[in-house]
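K.L.:
Join these two chains into a complex; the hints should help.
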Amino acid sequence: MVQWPWRLSVFAFAALTSACATVQPWQRGDLARTEMAFEPDAVLGAYRRHVEFSKEAASGGPTLGGGGCGCN
Amino acid sequence: MAATKPHSPSLSALTAAALALPGVAAAEVQADALYAHYREADISGSRSATGRDAPRYTIDTLLVRVDAPLGERALSGNLTVETMSGASPWWVQPDQNGKPVQVMSGASIREERVDVQLTYGLPLAGLDWAVSAGYSDEDDYRAVNGGIEAAYSPQAGAYTLSAGLGYSYDRLEPTRGASSPDVIERADKDSLTAYAGVSFIVDAQTTMQAALSHGVYDGYLSDPYKRAFITASAATVPDRRPSERHLWSLSAKLRHYFAGAGAALHADYRYYYDDWEIEAHALELAWHQTLAETWRVIPALRWYSQSQAYFYAPYYTASRGDGLASSDYRLSPYGALSVRLDLRKVLGAWIVGGGIEWYAADADYALGSVAVENPGLVEYLVLNLRLGRRF
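Going down the list, the protein sequences come from chains A and B.
With our numbering applied, the first sequence covers 1 to 72.
With our numbering applied, the second sequence covers 1 to 391.
Next up, chain B with everything else stripped away, as it sits in the complex (with noise of 0.2 Å):
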């Protein structure tokens, strides 16, 4: 089970305006809307253990946030709202010649998760502080965090040195499979996250970022409905992850303005290193296009390819010494590519606006080649409908 963390309102967003006019504060109170409709491509019959093309997962989003200032001060609260459905990767086997394929979980599952995320910010002692905490839950899996972070500028506003510390409690307990005698009926997991950055300017239409973060993960980091096969005894064992995870990721981000063409350039680099062997490249490529003075148009291209975690096999063909077992594709070599438009109108005090994604993995995209590739590999589109109104 990934335990995946949607972030909570940063300092981060407010860096490059503190940066280009410090002493200016926002005044207005903002709310903002997304919905979107993500949907998981079918998996193929090639791919498939039944022959036949099966579906995948449909997530709905709501995520409602409002930003509100009080005076030198800030509030901010995020509520997302995620109702989930659909089948997913339970197992992979050979087939008759040996070639990996997808088993697909039986059941359709539908859950609905429910996340709120308070921020607090305040100027204390020359720095910009912000203090958070959140809730998430849904039928099978809870999780309180908090977190804290802290800015410095100093008045010529140069640049901006950021950092911060997280923690998470999660919790869960598995429904389905849970009269199975080998499925947990709960477990926990402890989360620290840590991160320090510094964003400066590097002339008048150019501004980077880069940030070093550091995780600890600790406690049950396996998916509970996910299985593995050995073939020593054709048959499955649970997943099974270690106990414990450190990683580690540098980030740099490049803002350069073209005045000429009136749109902003975006490139985002991440390199990603952990000790279970992961090491994951991601680059991203946005071009922010303005016409019109009201709208505003940007198309983004991603890239990303990570290699795969030690204990990590399609399929085993004996158990490992260490116990140790996972098909999960998210843990196998593979490469992705993401496509994405944009378009947002400003209305008077009314911004709206959608956007549609792309996104494949496939073991071609991957750096260096892949000798196996997963079968269970996802391929989704996403639609979304944004909605804003500062007041």
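In isolation and in its complexed conformation, chain A is listed as follows (with noise of 0.2 Å):
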């Protein structure tokens, strides 16, 4: 049951890498942009995933655990 989330990662990575488009760097003005990034406001993002963490049972992505808390 738990073997899924590995392989499918695997086909997803080969399947996403394979797309990827030649963007020169002087087309990626847009993408450059601050609101463009996966994390436009870190401190803010970081407070809300502690909330979140807190009330719900599920969590992860692609950041560490930072020191835990007793949050009832």
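Incorrect hints may have been included.
[Claimed, not checked] Just so you have them, the derived chain B footprint on chain A, three or more residues with Cβ under 8 Å:
| no. | region |
| --- | --- |
| 1 | 23-31 |
| 2 | 37-48 |
| 3 | 52-64 |
I should point out that these hints are in silico values taken from the structure, not numbers from a laboratory.
Here a beta-carbon is modelled for each residue, glycine too, at the ideal position from N, C-alpha and C.
P.N.:
Here's what the structure looks like:
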């Protein structure tokens, strides 16, 4: 049951990287805009993850955990 | 007790810029502050064992972050100070009709948490590395954590691969109810977290990120401040959960820039599964609208749904054979909706802003039907103020 995420991720990685488009550096002006960042506001993003993690069972993503807390 | 992990400054925040303009590094010191006021709605009399409305938690948070470039290297520091007060769900019991009602903790709780995180980033052997360490302290809970992350972008910068490994040691010493014979004196737990991800350019206006993460928690994973009601004995027992938890998540993020509108669409999805048999989905959409070059308005909508842990019940007719018991609403089946609006204004080297978020958990928002809703599901409002300065 728990093996499938790994298999799916390998498949997804192969599919995604093979689909990478060739966009030249001088064509990346829009991609470099601050609102296009995966996390435009790291401070607010960290706060919201903190609240959601203390009120929901699920967590995870491309970030590491920090210090814990006893949240009720 | 849920060990909450405010995520450390991460390579992920740098990924988009690195991916878009390889070789261009931030050259300014950046300082940011956030103040947030979090207030949970009262639990209504129809859900409370007393039949009366009862107040819940209020949390005031101050978070300060400084990012400083040191040539090709970078240092980042986070300080979080939280003040918490109010009452929290204690256990759930049936009323005369068998309907679950919530018993809240009696005395008002007041405590403070201080959390410090440091991250050092450096290029080494063709990779961008980040090493982090942190410490969190409150009356009844202490945690130390560390982590290492690495990212690789080829010269053309069409994609970025990233991976990280983190560890946390948490120790808790309950203060409330410590004199009760069945409340633990102290306990600890170890948490190991790992992730691997890829960010890539789809076209000149679109990027994507996909990641897989895995966590292993080992030790005391119960909540010493919660209890579960057994109808056969008409008494409560301490919250007791398995001593191990393995969790997995798959996440995907899409960013697309609409040049005509001057706005960026953010679409994030996460699938989660753990060996407590909780399955969850989270979908979030945000619209980052730039106005008059110096204003930004960001409306967002988030939907979340989870199934229940295999040992969870609002209350138990008899003790389980394995001795597990928890009526924590966070392990119950439910869904949640949140709506938020953030505003930013650039004033020279300063950025000021604020925002509001409303969050409500409800069985009706869950994927699939929920047989019995936990009466302790939360509804909250968050107001935040932001201030930033580039030097």
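K.L.:
All the hints need checking, so say for each whether the structure fits it.
P.N.:
Going down the list of hints, with the structure as the test:
no.: 1; hint: 23-31; in the structure: holds (count 6)
no.: 2; hint: 37-48; in the structure: holds (count 12)
no.: 3; hint: 52-64; in the structure: holds (count 13)
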